[in-house]
Amino acid sequence: MGIETSIPVVYITDNNYTMPTVVSITSLLKNAENPPEIYVLGVDLSDENSKIFKEFNGIELLNLENKYADLNTAETYVSKAALFKFDLAEIFTQYDKILYIDCDTLILDDLRQFLKADIKDVYACVIKDCVGEIIQNDCERLNIKNYFNSGVMLLNAEKMRQDNIKEKLFCDIKSNLNTRKYMEQDVLNVVFNNCVRFSIPDFNYMVTNKKLMTKTVEKFYGVKKIKPKIIHFTSFKPWDYKKIPYYKEWIKYYNLSLFKDKKLNLKENPEKFALYKKQPFNDRWVVDFLGIRFSYKKGGKDFRLFYP
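The working numbering puts the first residue of the sequence shown at -1, with every later residue one more than the last.
Hints listed in this document are in silico derivations from the structure and should not be mistaken for laboratory results.
Since the model is a prediction, treat every value here as computed from it, not as a measurement.
The C-beta atom is built at its ideal place from N, Cα and C for all residues, glycine as well.
Worth double-checking, as some hints may not be accurate.
Claimed, not checked - Here are the simulated lysine to any residue pairs, SDA-like style, with alpha carbons at most 20 angstroms apart: (1) Lys246 <-> Asp107; (2) Lys209 <-> Tyr239; (3) Lys213 <-> Glu131; (4) Lys208 <-> Ile132; (5) Lys261 <-> Lys225; (6) Lys258 <-> Asn14; (7) Lys225 <-> Ala30; (8) Lys276 <-> Asp286; (9) Lys225 <-> Glu247; (10) Lys241 <-> Pro268; (11) Lys65 <-> Phe168; (12) Lys209 <-> Lys261; (13) Lys260 <-> Asp45.
Unchecked claim - Pairwise CB distance ranges, derived in the manner of DEER restraints: (14) Lys275 <-> Asp300: 14 to 24 angstroms; (15) Glu156 <-> Leu288: 51 to 61 angstroms; (16) Gln277 <-> Gln92: 43 to 53 angstroms; (17) Phe287 <-> Lys217: 21 to 31 angstroms; (18) Asn263 <-> Phe168: 34 to 44 angstroms.
Turn these sequences into a full structure, and let the hints steer you where they fit.
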């Protein structure tokens, strides 16, 4: 893979996500010609889980106390550990750039192209979130132009420190009620305020995009074909459900990881096609009927194959 040694790879995890983090790191290392510098920010990790990360050669674990423990996140879709993304530039002051990767990912290919992105005048190189921007109207909710996913970010840590971004992020999360849905991701979008560079979806292929029509993805990202280099399990997780998209790829690296001897208790794929099934999806109904999936707006309007 040849990741530049001057740009560290950083993960944030807690006790609930120790195993997926280990699998993601395993996939990164297995596809790297030259192992990158890897840091794991563990949030209130147990001694047992801390020991697991210490079994990796060349990985540095920073076990932090969760200073966000008292923050009310009852109505959000993220863990409090994710809020440590706000601290990355200040924790790693020795670096001008940082590659942050969520732990519910697999790294399958070369990342050098992504690391070479020109970010000298922006806060980050990121990938737009098709579901968030088109289906859920998160741009309108947050009054921004574009909406990116914070699961993979090449951060300009130097510029973030110069512009005191950490303080702005904290001020927003305390005062802006609109950013409580996806918490850190919403706040990063609002505070970065489109001062970002967008990369191709290969470097943060959100599995939820697999539900979308090909022409929708092509129009949104401007590419005819996506070749995932980083798979991001943004919906159902392969350590919970079997036979979901990219389940086989994830299992491959699970079986190469330190957890390979631990049996997974997997449930059936809740999204597999049924002869007939009807379920809500935002402002639409999604219907499976005789192997065909279509959706329509509540009230019987705007019928579409698949969705959106």
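Hints versus structure:
1. Under the criterion of a C-alpha separation no larger than 20 angstroms, the hint pairing Lys246 with Asp107 is consistent with the structure, at around 16 angstroms.
2. Simply put, Lys209 and Tyr239 have alpha-carbon atoms about 17 angstroms apart, close enough for the 20 angstroms limit, and the pair holds.
3. As the CA atoms of Lys213 and Glu131 are separated by approximately 16 angstroms, the hinted pair is consistent with the 20 angstroms bound.
4. The suggested pairing of Lys208 with Ile132 holds, with an alpha-carbon distance near 14 angstroms, which does not exceed 20 angstroms.
5. This hinted pair does not check out: Lys261 and Lys225 have alpha carbons roughly 30 angstroms apart, beyond 20 angstroms.
6. Of the pairs offered as hints, the one joining Lys258 and Asn14 holds, with about 17 angstroms between alpha carbons and a cut-off of 20 angstroms not exceeded.
7. With a CA separation close to 18 angstroms, the supplied pair Lys225 and Ala30 stays within the 20 angstroms bound.
8. A threshold of 20 angstroms between alpha carbons decides the hint, and for Lys276 with Asp286 the separation of about 6 angstroms falls inside it, so the pair holds.
9. Restraint check for Lys225 and Glu247: the C-alpha separation of about 14 angstroms stays at or below 20 angstroms, so the hint holds.
10. Restraint check for Lys241 and Pro268: the C-alpha separation of about 10 angstroms stays at or below 20 angstroms, so the hint holds.
11. Restraint check: the Cα-Cα separation between Lys65 and Phe168 comes to about 12 angstroms, which is no more than 20 angstroms; the hinted pair holds.
12. Taking the CA atoms of Lys209 and Lys261, the gap is about 29 angstroms. The hint is violated against a cut of 20 angstroms.
13. Distance hint between Lys260 and Asp45 is fulfilled; the C-alpha atoms sit about 19 angstroms from each other, no more than 20 angstroms.
14. Distance hint for Lys275 and Asp300: a CB-CB separation of about 20 angstroms, consistent with the stated range 14 to 24 angstroms.
15. The hinted range of 51 to 61 angstroms is satisfied by Glu156 and Leu288, whose Cβ atoms lie roughly 56 angstroms apart.
16. Restraint check, Gln277 to Gln92: a C-beta distance of roughly 49 angstroms satisfies the suggested window 43 to 53 angstroms.
17. The supplied range of 21 to 31 angstroms is met by Phe287 and Lys217, whose beta-carbon atoms lie about 26 angstroms from each other.
18. Against the hinted window of 34 to 44 angstroms, the Cβ-Cβ separation of Asn263 and Phe168 comes to about 39 angstroms, which satisfies the hint.
Checked against the numbered hints given earlier, this structure breaks hints 5 and 12; the rest are met.
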